[in-house]
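Chemist: Chain residues, written in single-letter form:
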Amino acid sequence: MLTKVVSIPTGNLPTAVDLTSEALSFVSELGDGLLSVFVPHATAGLAVIETGAGSDNDLLAHLETLFPRDDRWSHRHGAPGHGGDHVLPGLVSPSLTVPVIGGHLTLGTWQSIVLIDTNVDNPIRQVRFSFLGSN
Amino acid sequence: MLTKVVSIPTGNLPTAVDLTSEALSFVSELGDGLLSVFVPHATAGLAVIETGAGSDNDLLAHLETLFPRDDRWSHRHGAPGHGGDHVLPGLVSPSLTVPVIGGHLTLGTWQSIVLIDTNVDNPIRQVRFSFLGSN
Amino acid sequence: MLTKVVSIPTGNLPTAVDLTSEALSFVSELGDGLLSVFVPHATAGLAVIETGAGSDNDLLAHLETLFPRDDRWSHRHGAPGHGGDHVLPGLVSPSLTVPVIGGHLTLGTWQSIVLIDTNVDNPIRQVRFSFLGSN
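Protein chains in written order, with numbering that gives the first Met the number 0: chain A, 0 to 134; chain B, 0 to 134; chain C, 0 to 134.
There's no promise every hint is true.
[To be verified] Derived Cβ-Cβ restraints for the label pairs, each shown as a range: (1) C:Glu28 - B:Gly10: 45 to 53 Å; (2) B:Val4 - A:Lys3: 26 to 34 Å; (3) A:Pro67 - B:Ser73: 14 to 22 Å; (4) A:Asp120 - B:Ser20: 46 to 54 Å; (5) A:Thr108 - B:Ser73: 17 to 25 Å; (6) C:Glu28 - B:Asn121: 43 to 51 Å; (7) B:Ser73 - C:Glu28: 47 to 55 Å; (8) C:Asp70 - A:Ser24: 50 to 58 Å; (9) C:Thr19 - B:Ser73: 35 to 43 Å; (10) A:Ile100 - C:Asp70: 45 to 53 Å; (11) C:Val5 - A:Leu23: 32 to 40 Å; (12) C:Val4 - A:Pro122: 35 to 43 Å.
Since the hints were derived computationally from the structure, they do not count as laboratory data.
C-beta: ideal position from N, C-alpha, C; glycine also.
Can you make the complete structure from the sequences, with help from the hints?
Modeler: Structure, rendered in structure tokens:
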């Protein structure tokens with residue numbers, strides 16, 4: 000298994016960062032197998048969505064509605080409402096698997112691999128790419 | 000890695016299509032390993048739920064509540080409310096992994112692999128099955 | 000592929016059970032590869048979240064809000080509101096993949112692998128660990 004950790008700047012606002020080009024460059028010299036994308040943080044997740052046509056912002060707005068930044072959360076560290084960031088990975092998993100064929104991701108035309116980070120206190124995140132192949 | 004794409008008719012209404020028999024026939028001649036199911040579309044996802052006892056319709060109704068077909072979405076292409084279809088994969092992932100032992104899926108008695116497609120504009124969808132095994 | 004099923008007591012209340020130590024002991028003698036965690040039940044899911052600081056209860060409370068225990072569900076078997084337990088795996092998947100390096104899980108400092116079981120009628124659950132490696 001090949002594996003690599005990359006650092007992703009996410010800034011201080013809830014954000015959706017397109018990881019597709021990093022994923023592509025990781026698998027481009029490889030053959031057939033499974034790409035695992037894994038975020039080793041408790042307040043971020045991964046989504047496979049279209050980017051650049053509004054849906055990334057729609058998802059962030061939807062998550063803001065689902066996980067309001069108020070005092071309902073028993074987890075009380077960090078910025079106001081940060082407890083909701085800790086619930087997010089329960090619905091937006093930090094683990095994702097994408098098949099790879101001949102060094103190409105099998106994503107559809109409109110799909111991108113996106114890091115979802117609503118945590119405003121950590122401006123840099125790690126993402127692990129791993130490849131397990133049959134050759 | 001063995002991999003295969005199948006076409007699944009999903010019609011013009013939000014729908015949950017049971018893929019279990021397609022998955023079973025894909026792995027039936029194989030040994031031990033991991034089955035990856037992946038939907039290469041930006042407006043569909045995969046769920047492992049019971050079918051035939053109301054839960055597939057319950058899930059579709061719940062998603063209709065979560066992603067209302069109104070004008071809240073900044074993504075504005077397609078049918079009314081279609082922007083919500085593009086947020087769905089953020090919560091209902093298009094990627095799923097199921098262990099396979101001796102050519103059998105390790106699903107529980109009441110579990111089925113289900114394609115969730117709320118997009119009413121695309122009546123046929125692709126699903127990719129991939130198998131990575133140890134023999 | 001190595002695979003093993005463990006029994007997890009979940010009691011008669013909605014619960015989040017930390018599976019990290021079971022996962023660690025399963026992979027500790029193994030090398031590099033992918034750990035698949037799979038729950039063969041139609042009313043449970045897996046989450047990677049922080050435990051012990053309130054977020055496990057926050058997630059359970061949030062799921063109670065998302066899937067109210069009332070009569071909205073067409074699936075009507077079991078305890079009141081049990082139909083919602085059957086929708087839960089559509090959003091909290093029963094399948095999870097975690098990279099393993101040198102017999103260590105690549106979880107972040109604050110991440111735990113957690114079984115989410117809101118079903119109050121089944122006090123014992125099965126969880127399958129499978130490892131597919133390159134050596």
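Chemist: How does the Cβ-Cβ distance of threonine 108 (chain A) and serine 73 (chain B) compare with 17 to 25 Å: does it lie in that range?
Modeler: The hinted range 17 to 25 Å holds for threonine 108 (chain A) and serine 73 (chain B), with Cβ atoms some 20 Å apart.
Chemist: Against the range 46 to 54 Å, how does the distance between the Cβ atoms of aspartate 120 (chain A) and serine 20 (chain B) compare: consistent or not?
Modeler: The hint (46 to 54 Å, Cβ to Cβ) holds, given that aspartate 120 (chain A) and serine 20 (chain B) are roughly 47 Å apart.
Chemist: Can you tell me whether the CB distance of isoleucine 100 (chain A) to aspartate 70 (chain C) sits inside 45 to 53 Å?
Modeler: holds, 47 Å
Chemist: Between aspartate 70 (chain C) and serine 24 (chain A), does the C-beta distance stay in 50 to 58 Å?
Modeler: 52 Å Cβ-Cβ, so the 50 to 58 Å window holds.
Chemist: Falls inside 35 to 43 Å, the C-beta gap from valine 4 (chain C) to proline 122 (chain A)?
Modeler: For proline 122 (chain A) against valine 4 (chain C), whose Cβ atoms are near 42 Å apart, the range 35 to 43 Å holds.
Chemist: Using the Cβ atoms, figure out if valine 4 (chain B) sits within 26 to 34 Å of lysine 3 (chain A).
Modeler: holds, 28 Å
Chemist: Is 14 to 22 Å respected by the C-beta to C-beta distance linking proline 67 (chain A) and serine 73 (chain B)?
Modeler: The hinted range 14 to 22 Å holds for proline 67 (chain A) and serine 73 (chain B), with Cβ atoms some 20 Å apart.
Chemist: Against the range 32 to 40 Å, how does the distance between the Cβ atoms of valine 5 (chain C) and leucine 23 (chain A) compare: consistent or not?
Modeler: With a Cβ separation near 37 Å, valine 5 (chain C) and leucine 23 (chain A) satisfy 32 to 40 Å, so the hint holds.
Chemist: Just tell me: holds or violated, for the beta carbon distance of glutamate 28 (chain C) and asparagine 121 (chain B) against 43 to 51 Å?
Modeler: holds, 47 Å
Chemist: Return holds or violated for the Cβ distance of glutamate 28 (chain C) and glycine 10 (chain B) against the range 45 to 53 Å.
Modeler: holds, 49 Å
Chemist: Between threonine 19 (chain C) and serine 73 (chain B), does the beta-carbon spacing fit 35 to 43 Å?
Modeler: holds, 39 Å
Chemist: Could you check the hint for me, namely that serine 73 (chain B) and glutamate 28 (chain C) are 47 to 55 Å apart, CB to CB?
Modeler: holds, 50 Å
No hint from the list above goes unmet by this structure.
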